[in-house]
Each structure stands twice: as C-alpha cells, then as structure tokens.
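**Student:** Chains as they are written, first to last, in this note's numbering: chain A, 1 to 291; chain B, 1 to 325; chain C, 1 to 326.
Just so you know, these hints were derived from the structure itself, not from any lab.
Hints are supplied without guarantee of correctness; some may be wrong.
[Claimed, not checked] Ranges of calculated distance between the beta carbons of each label pair, as one might list FRET restraints: (1) Pro59(C) with Arg26(B): 44 to 50 Å; (2) Asp151(C) with Ala29(B): 16 to 22 Å; (3) Ile124(A) with Arg127(B): 45 to 51 Å.
Note that beta-carbon positions come from the ideal geometry of N, C-alpha and C, so glycine has one too.
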Amino acid sequence: MEQNLTKAETKEYSPLWEVFRRLSQRITALIGLIIVLAFLISALLAPLLAPHDPIEHSLGDMLATPSWDYPLGRDELGRCILSRIIYGARISLLIGIMVISIGVLVGVPLGVVSAYYGGKVDFIVQRFVDTMLAFPGILLALTLIAMLGVGLPNVMIAVGISTIPIYARLARSSVLAIKARQFVEASKSIGASDFKIIRQHLLPNSLSPIIVQSTLHMATAILWAAGLGFLGLGVNPPTPEWGAMLNGGRLYIRVASHVATFPGMMIFITVLGFNLLGDGLRDALDPRLKT
Amino acid sequence: MTDNILIEAKKLTMYFPVTKGIVRQRKVAEIKAVDGVNFFIRQGETLGLVGESGCGKTTLGRCLTRLIHPTSGEVSFEGVKLGEIREEQLRSLRQKMQFIFQDPFDSLDPRMTAAEIVAEPLRVHTRMKAKELKDKIAELLQVVGLDSSMANRYPHEFSGGQRQRLGIARALSIRPKFIVCDEPISALDVSIQAQIINLLEDLQKEFDLTYLFIAHDLSVVRHISHRVAVMYLGKIVEIARRDDLYRFAKHPYTIALLSAVPIPDPRVEATRDRIILKGEIPSPIALPSGCNFHPRCPHCIPLCKREVPPLRQIEQDHWAACHLV
Amino acid sequence: MGPLLQVRDLKTYFYTEAAVVKAVDGISYELKEGETLGLVGESGCGKSVSALSLLRLIPHPPGRIVGGTVLFEGKDLLKMAEDEIQDIRGNRIAMIFQEPMTSLNPVLTIGLQIGEALELHRSLARKEAREEVMRLLKTVGIPDAESRIDDYPHQFSGGMRQRVMIAMALSCNPKLLIADEPTTAVDVTIQAQLLEIIKELTSRLGTAVILITHNLGVVARYVNRMAVMYAGRIVESGPAFEVYGHPRHPYTIGLLASVPRLDQPRKERLVPIHGQPPDLTRLPAGCSFFPRCSYRVEICSQERPALKPVGSDHYAACFADMAESR
Numbered sequence: 001m002e003q004n005l006t007k008a009e010t011k012e013y014s015p016l017w018e019v020f021r022r023l024s025q026r027i028t029a030l031i032g033l034i035i036v037l038a039f040l041i042s043a044l045l046a047p048l049l050a051p052h053d054p055i056e057h058s059l060g061d062m063l064a065t066p067s068w069d070y071p072l073g074r075d076e077l078g079r080c081i082l083s084r085i086i087y088g089a090r091i092s093l094l095i096g097i098m099v100i101s102i103g104v105l106v107g108v109p110l111g112v113v114s115a116y117y118g119g120k121v122d123f124i125v126q127r128f129v130d131t132m133l134a135f136p137g138i139l140l141a142l143t144l145i146a147m148l149g150v151g152l153p154n155v156m157i158a159v160g161i162s163t164i165p166i167y168a169r170l171a172r173s174s175v176l177a178i179k180a181r182q183f184v185e186a187s188k189s190i191g192a193s194d195f196k197i198i199r200q201h202l203l204p205n206s207l208s209p210i211i212v213q214s215t216l217h218m219a220t221a222i223l224w225a226a227g228l229g230f231l232g233l234g235v236n237p238p239t240p241e242w243g244a245m246l247n248g249g250r251l252y253i254r255v256a257s258h259v260a261t262f263p264g265m266m267i268f269i270t271v272l273g274f275n276l277l278g279d280g281l282r283d284a285l286d287p288r289l290k291t
Numbered sequence: 001m002t003d004n005i006l007i008e009a010k011k012l013t014m015y016f017p018v019t020k021g022i023v024r025q026r027k028v029a030e031i032k033a034v035d036g037v038n039f040f041i042r043q044g045e046t047l048g049l050v051g052e053s054g055c056g057k058t059t060l061g062r063c064l065t066r067l068i069h070p071t072s073g074e075v076s077f078e079g080v081k082l083g084e085i086r087e088e089q090l091r092s093l094r095q096k097m098q099f100i101f102q103d104p105f106d107s108l109d110p111r112m113t114a115a116e117i118v119a120e121p122l123r124v125h126t127r128m129k130a131k132e133l134k135d136k137i138a139e140l141l142q143v144v145g146l147d148s149s150m151a152n153r154y155p156h157e158f159s160g161g162q163r164q165r166l167g168i169a170r171a172l173s174i175r176p177k178f179i180v181c182d183e184p185i186s187a188l189d190v191s192i193q194a195q196i197i198n199l200l201e202d203l204q205k206e207f208d209l210t211y212l213f214i215a216h217d218l219s220v221v222r223h224i225s226h227r228v229a230v231m232y233l234g235k236i237v238e239i240a241r242r243d244d245l246y247r248f249a250k251h252p253y254t255i256a257l258l259s260a261v262p263i264p265d266p267r268v269e270a271t272r273d274r275i276i277l278k279g280e281i282p283s284p285i286a287l288p289s290g291c292n293f294h295p296r297c298p299h300c301i302p303l304c305k306r307e308v309p310p311l312r313q314i315e316q317d318h319w320a321a322c323h324l325v
Numbered sequence: 001m002g003p004l005l006q007v008r009d010l011k012t013y014f015y016t017e018a019a020v021v022k023a024v025d026g027i028s029y030e031l032k033e034g035e036t037l038g039l040v041g042e043s044g045c046g047k048s049v050s051a052l053s054l055l056r057l058i059p060h061p062p063g064r065i066v067g068g069t070v071l072f073e074g075k076d077l078l079k080m081a082e083d084e085i086q087d088i089r090g091n092r093i094a095m096i097f098q099e100p101m102t103s104l105n106p107v108l109t110i111g112l113q114i115g116e117a118l119e120l121h122r123s124l125a126r127k128e129a130r131e132e133v134m135r136l137l138k139t140v141g142i143p144d145a146e147s148r149i150d151d152y153p154h155q156f157s158g159g160m161r162q163r164v165m166i167a168m169a170l171s172c173n174p175k176l177l178i179a180d181e182p183t184t185a186v187d188v189t190i191q192a193q194l195l196e197i198i199k200e201l202t203s204r205l206g207t208a209v210i211l212i213t214h215n216l217g218v219v220a221r222y223v224n225r226m227a228v229m230y231a232g233r234i235v236e237s238g239p240a241f242e243v244y245g246h247p248r249h250p251y252t253i254g255l256l257a258s259v260p261r262l263d264q265p266r267k268e269r270l271v272p273i274h275g276q277p278p279d280l281t282r283l284p285a286g287c288s289f290f291p292r293c294s295y296r297v298e299i300c301s302q303e304r305p306a307l308k309p310v311g312s313d314h315y316a317a318c319f320a321d322m323a324e325s326r
C-alpha cells in the first residue's frame, strides 16, 4: 500500500494554550483578564488580604476619610471600607456563580434537548422560553422575590431563574447549527446513541457561546445583585455587599462621598473587567479564526 | 445471476413534504427525492451511482444505511429487511454498513483527535481495553497510509486528503462489509483524488468490501465500479455492467451525460461532436408528466409525455427506462 | 500591435499572523486579443488570486500586490489611479466568478443589476438600458426574457444565474473576460451549455478570455493556450495542443497521468502524484514541486528553476529534461 506519511514536525497543539495565546493578543482582553483574576483572588483570599474585620464597627469613627490605617476610609458605621470591599467580592462571586449555575444547569439541557429532538418538544419548550423572555428581567426577579421573600439565597434564585431562558435559547441555536454538520451524521451512521452524540459531539462544540455568555453574565449578575442590594432586597446587614454599601453611602454623598464612591467604582471596574474578558473570549474561541 | 446479493432495494421511495403554515402545518407539495427505485449490489462488487444535482443519489445512499427512514419500500441487507427489525438490531447491523462522507472538513469533529475519531465506532460497538484500542488505532492509521505518530493531532492539522483517509479509517475500524462512499473525492484536489481511489480499491481487495460509490464524475466512476446506475430526478434511468454502460449506453440521458464530459485532450475534443441538452434540470417539486426526461430529450415522442417508462431489461444485466429502447 | 495583456513577475503576498503566504510568487504571461488562455492548477496554487490581482481586487489587509507589472493595452494596471481602474473594471475587463449567488445582489432584480453596468459605463438612459438588458438576456439564452428581467437572483437556477453573470460581464463589450471557475459549481450538462455560450459570445465579440479552472477536460476543449500553476508559480505554459501532447514539467505529466479518461481503455490502476499539496507558508528552497517529484535531481532542491523554452512557444520550469527522461 502506498504511503503518504508526513512526519510530525510541528510542536504539539493544545486547544487551551491556543485560546490563551489568542486572548493575549488583544490588550483589552488582557486587561479584562487581569481585573477578573484580581477579583477572584480578592474573593478567595479575603481573610488574608483584608486589613481589618469588615463587620467591626466603631461609631466614633464614622465617615472617616482615607488614612494610612484605613486606606479607603470608614463607612457610616465606622467599618473599614477596604475590608468590606474585599469581602464584598466574595459575595459578588458567590452570587455570580449561583446565578450562572442555575441558568446553565437548567437552561442548557433544556435548549439541547429542544434542539436535538425538534418537533413538538421543541415547540413546547420554545413557547415556554418565549413567555419567560417576554417579562422584563427585573420584573421577573422582583416577582420571584415577592413570592420567595427577601434575603440573599432568594435573590440568587430569582436572578438565576430569570437567566434560564437566555441559556436555553443560546444552547438551542448552538446545537441546531452543530446538528447539521456531517460529523454528527457520521456518528449516527456509526450507531452511537443519542445520549452519546449529545455528550461527545454536541456539547463540546457548543460550549464556546455558552462560555462567552457566562462570562458576560457574571458582570450582569454582579450588577443585579448590587441593584437589588441597593434596593434593600438583597443581603442582610451587616454582610458586606457592594450594592448595599452603595445604599448605605447614599445619604452621605455630600459630606463623605468616599463611602459610596469606592464600592461604586469597584462595581464599575469588575463589570468592565468581565465584559472585556467576555468579548476577548468570544474572539478567541471563534472557530472561523482557526487555521 | 442473482445469487450472492448483499444489499437490495425494492420500490425504495423517499418523499420530503413541503409544508406551509405556522401553527398548523399542511403539506402543499412533495419533493420526490427517490421515486420507487429497485436495484441490488452483490458481495464484493462496486456499484457506481451517478447523476446530477437533484437526482436523489445522496438521499438514496442515506436511505440504504438507514440514516434517514424511507417513506416506503424496503431495503434488505444480508436478507434482513431493515424496516422490520428493532432499534437494537439495527444498531448492531450498523457495524456492517458504514458511510464515508463527502466533506473532509465537516465530517470530522474538530474537537476530537484523530485517534478519538477513528476509535469512536470501536467504542460504540466493542469493549476493547485501552492498550488494545491504541494498537488497533495505530494499525488502522497505517492501513490508510497515515503515520501513527499523527494519532494525537486535530483535524485542522491535516490536509484534505489526509482527513478523508481518517474518515476511511473510521469506517473500516469495525470491519464492515458494505460502505456507502458519498462523493468521497469531490472535495479533494485532482492530484490527491487518484491516491484515495487507489486506496479504496486496495482496501476492497484486502477486506472483501462492497461499495456503493456515489459521484458525479463519470470518469472516476468508470474506473472504480463494476456496475453503474444512472439516476435522474429520483429514478434510475439506466443500470448496467460498467463497460456496457460506457460503450453501449441506451438511455438518451446517459448518452447526453457521457457526451458532456470533457476529455482532457485537445486533439480529441477538436473532433468530438457533443450533445448539448437544452433546458434546465427541473425542480424535484414540479416533476414533468410521463417520463421525467421528456422536456429535454432530443427523441421525445407523444408517448413519453403521457406514460412513465418502466425500467426494463434490454440485455443480460443491462436495464433502461425508455420507451424508445 | 502588441499583446492585449502582459503580466510580468506578478507577486501577491498575504500577511497573516502566522506567516507570510506567497500566494502568487512571480508569474509572467501574455495574452493576445481574442485569445483564450487557460490558467490551470489545484486549490491554493494562486490562480484565482492572480486574476483578482489583475484588477486590484485583493483584500488589504491581509493581502498586498508586492511586485510586478500588468500592462493592459499598454498601461500598467497596478500603477493606475483608483478612478482610472474603476473605469476599466466591468467595462474593458470583466470578471465572472464561481458562485453566482454570492456575486449577485439578492435584493435587486437582475434587470437593475445588469442595467447598472450599462448606465455606468455606457451612459445609457434607464429605458435604453432596459432594452439592452433584454437583448443580452436573450443572447445568453434565458427563455422568456421579458418577464424574467424583473426577477430576483434567487428565482433563477444555478445555471441561469451564471448566464446572468455572463450577460452582465459582456454587456459593455469588454476586451478581456476573466472567468474564475465559472462552471465548478454546476452540473456537467449545464457546464457544457455555459461553456458553449461563453465560447460563442466571446468569439463573436472578439473578447480575450482567461479561463481559470482545475478541470483539465474543460481546458482542453476551450482554450488556445494554457499555463499550469503550482504553489504560486507558473511551471509550464504553451499552446494547449503542445502542453497536452508533450507535457514537459513533472507536475503536468503527473496531473495528466492521474486523471482517468473516458476515451481511453480503463487502466488497471491510477497513477497519482505522491505527497501532499504544498504549504504556502513553508515552501522549500529551490523547486516547490521537489518533495513530490519523481524526476528530481540534486540541483532541484537548491535552486528555483526558471521558465525556459522547451518547444515552439512552449515553456517549462524544470531542471530535468523531460524530453530525455520520457
């Protein structure tokens, strides 16, 4: 038999490294990555990084301006703002992960099944998704909170549920596109079961838009939590949460703007960071850019 | 000689409905992709299937291996009627019928390595241990002419011809008896096509394979096939032994098709008389009355417009569907 | 009178993040008035890029014409001002492409699209243009032209759309028609129709044609002269009869030998060209066909062969003398 051998000359190709390489070519994506990493480190290593106890209050020092001991000053109850911001990252991270987990773990299977089986199943699921999407997000979240009661877990569940239809739609369109590709047909001709095809071919290939969406959603989730916290519907005091901190500092904007400004800036920077990273990932994961 | 038949189709029909309406969909028309087709393929032979777009050859290939379910008619494989068996039985029969796809870029999962792609059928149908699997993969890659060091590469690192070899290795992995080759070389460069054709022929001899070779390139089909069937708008218009078809074609469409193929030799082309068919290939939704080919046929008589000509035996192993033959 | 088109040492490179792709690496050829030249090669050989380069239609970035001259009727197309070359495109040099669906605007009727070229280049009024369009449609054999003139591209079949493209291309009586794989996407019976139309109309109008294709059969029937391209360079050129009858480059020889022919008895085994298509980012020093060549000698890996005469008006870029080896 004739041979058409090509020796393995180029170095090993690793998908993960390739994504990172592409990502690092955009300066904005790199900035986003750094911000997100800082956020994660802050959240995970909060006890090591925070200079003071975030809950310890000292009414005598309320609204203190930034000093060496307290680099970002103290809030309306004398608590260290820097420490509260560092610990606040934890809450935001937790909220983001919970919200996205609910959205992905419920929405993606829904979308995948809907797309793969088509027909009546698809019809019913899509009408359900349409209905949910017809409500403005905040209305849906508030309604759910009204039903479930206030408090952090309920906020997370409410916001999480409202993201389910987005992931369902995303997963569905992704799977529909992949379903038509010949390698899926090839798998069927081999005799692979539906489950195997979904697990081995459809899911890995549809991950990219879901990853991008999740990253962008972290930003949204944080904003949501902050918004609801600002409305007083989120965490219970004295838990440090950026939105609640904003609310606390609202009354003192004129006299001690730093109380509201610093948490506000953190929200802004973190949301920006996730958005930049998400955009960068979208380009880096684009299969059309593969050689 | 009808013994030794491996796969047979009887009155195989595939209609795709065209629907209108948003909530309640009603059928307004039908695309008669495959319209009552009868043929068989013997063990160890290659049946070439040619035709232009819309003729239904691709759909026919998919019906044979049950990638799609035909509207009516039956397909028998080794005497077993595929329409009458249960899902599990069909799945195990799939081991014996495999498919090679046209697009070397699209038929391989871009996120799987070559080894994983080639091993997928083995994982589905057998319970091989990791070491066994690794050896088998290396062996398969060698058989199709690829170096086993490339097992951990991704599809985009291979050239088109090499990817097609991977597709062939995948199809061979579970020792099938029958392979449908759906335009396996159309997407490849001319200089690579010959490599793949030779490979397919060598594999056929070595593993006693039976092929349905679907293509539109008549010169290549002549090379690789033992018998050839010509399709037009869902029907087989002529089917014969290879040399009989190419030298003594009887159906006007076959004759025109052969005439339209340009020969790579200017001296020959300068002296050739060609039959240029008039008109377009009709849409499979609105088929002409009577014989599908009558609007474009240079020999059309009134009977052709009224009656559909049946596929009739002209000579030993040579059938044609034409009133005038 | 000099040749209509003179291409000298044309080079077009693509600058990608991975490497520089030398899509066209120094090609030269000539075309007389009314002559048909076949540009033959497989995918990636640079034939389409070279045609787009003639009209400066290379997307930049990442591509750039980095060298050479293209003399059309004595003037260098590569050095013209933008408005000058716009006047030539569609007017004196026309082009038709492989996939007519993407070359036609889906939201305009074909009457308007063809009319656009007429109004622009021949300054016809709307009404006159419409009549001319109808005449053109009839010439290319579109039945029922009076009603079809107001149809949209998607209402035509592939073969009909290509005819529309041909009509559009020939509407301004160009001196040169570049046909880039015009029949690759259509069936063989439609291919025969289209090529006959192109041949008949261009010989009637005296239009020179560059026919780009990978199909050796199409070239044999429809061209006077041909140039075979490989890895961005022309490896053999000459009159079609000569090149087919006495091919002198190993690539041409290999290509002709590997294609089964209907007019000859069936061979027991096809003779392929070994190896893989070239990687344009990593061409070997010396002859780019070296890795796959059965006739190679020492010098082939070191120096790049230039086109040298091997017969009357017949050139090949090879160090081994094919006349001796055969």
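**Student:** Cβ-Cβ distance between Ile124(A) and Arg127(B): within 45 to 51 Å?
**Tutor:** Given range 45 to 51 Å: violated, Cβ gap about 38 Å.
**Student:** Is 16 to 22 Å respected by the C-beta to C-beta distance linking Asp151(C) and Ala29(B)?
**Tutor:** holds, 20 Å
**Student:** Given the hint of 44 to 50 Å, check if Pro59(C) and Arg26(B) actually sit that far apart at their C-beta atoms.
**Tutor:** holds, 47 Å
Hint 3 alone, counting from the list given before, is not met by this structure.
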